[in-house]
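These protein sequence lines map, in sequence, to chains F and Z.
So for the first sequence, the numbering used here puts the first residue at 1; every next one is plus one.
So for the second sequence, the numbering used here puts the first residue at 1; every next one is plus one.
Hints are supplied without guarantee of correctness; some may be wrong.
[What the hints assert, rightly or not] A partial selection of chain Z residues facing chain F, derived with a Cβ cut-off under 7 Å:
(1) Ser41
(2) Thr62
(3) Gly108
Bear in mind the hints are in silico, worked out from the structure with no lab data behind them.
Every residue, glycine too, gets a C-beta built ideally from N, C-alpha and C.
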Amino acid sequence: MPTVPANSWSRPPLDVDASRLVWAETIAGGNYTSLTVARGTTLELTDLTGDACAHVLLYNADLPSERLNVADTTKVQWQAYLGQDALLLSDLGRVLATVVSDTSGQHDALCGTSTLSHNVARYGDGSPQGPSPAGRELFTLAAAKHGLERRDVPPSLSFFQGVRVSGTGALRFVGSAGPGKSVRLLAELPLTVLIVDTAHPLDPRTEYTSSDLQLLCWRGSASSPADARWSASPEAERAYRNSESYLVARGLPGLTA
Amino acid sequence: MTASVERSVSETIATGRVVLDDLVPARAPWSGIVRAGQYLSIVDLGGNQAVDCLLYRADDTTERYSAPDTIAAQSSIVLTATSVLRSNEGRPMMTVVADECGVHDTIGGACSKESNSLRYGHHTVHQHACVENFLIEGALWKLGKRDLVSNINWYMNVPVEADGTLGIVDGQSAPGLRVVLRADMDTLVLISNCPQINNPCNGFDPTPIQLIVTEPASHEAV
């Protein structure tokens, strides 16, 4: 349930004044939310009791055909396990968001979300308003709220339920790092954000398990050359520069504004 | 292992009618529909040639290949014989029925002008790239940028190390190796014969590939 207005939220993070909050919501297990945020907004996702799995898709709010590309995100950074300081890259070579904080470390960029057929086979139902909603069905609804269609739902990332790859390529589900873990994503462009909270497709439990996910967003500044992550690698610096270059050409507020 | 795989590949290719036999030049795109029950053989003529590949359900392209659903269902990132290539609805689109190479990638995605600018610098954006091939060939089927998703890279090996580090490992394939797919539904296959020259995925020298579609004898009789 959202708190409106967001600055009336009673429990802001210790380092954030409530007056800066622009979104505050608790997403129940098996549900979704979606929002459009300004560049420089921090989105903090918190797995309140340890059984949330936050499936996330990001789009350039001004150009939704530009969206999160999970393959480029892992390939360009040479890293399958996303965490602190990871860049979330678009299919146009720009940074959409940066993971600026991560207290969990157990996430997944390989398995995507669940499908209707998967959840029907697994739990007996996968319909979006049923007892065990499939992630793809919920993403379809979230996308529709922004004029996007089923074909606009590409492979997604998920936070709080980890997967690891063995030397042979086999996957191992490592699950949750426990209750209260959070990640913070910093929007580097104006973003449309779709968030689905539903069981990870490799969750081995026979009972559908999905618990509350907290989302708090607040105003701030996007990454700049003063941040160590900006120039942490040649790839990172070029990605930040590409985002900056897009903003400048587009006449949107960037570093030089 | 190699002997039995080779035998099954030749049997698959030798059986039935050849519906199509195309040579795809280095750096070029290709597309075509492989009907349910037909086989598509992808031949790495020169060796070490990455073949980027996307699949779409022929009569409803909103259903398309899904790397994550394929990976999750088989609980492995490696594509090889018996791998089922699944759609974003979880359904089997094609099955790898024979594989002389042994390992193929589906986590590394396709090269693009834009990602080349990140990986190799802005001086590389003029170079050919797989996404350009997918866009120009996909346009023939009314597919656009919104329809491009994480793809398969035949003959490319992208292992994940214990700390999550990715690699692109060279030397996995060799001249003449084949991978054979059986279509489980009528499938539009979109291919980019990868033009990348900045990493070892094509041995720094893109080469032609051969695509052969066959229809088994039993299928012909129906």
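Here is how each hint holds up against the structure:
With its C-beta approaching chain F no nearer than about 24 Å, Z:Ser41 sits outside the 7 Å limit, and its interface hint is violated. Satisfaction of the interface hint for Z:Thr62 is found here, the shortest Cβ-Cβ separation to chain F being roughly 4 Å, below the 7 Å cut-off. Taking 7 Å as the C-beta contact cut-off toward chain F, the hint placing Z:Gly108 at the interface holds, the least distance being around 5 Å.
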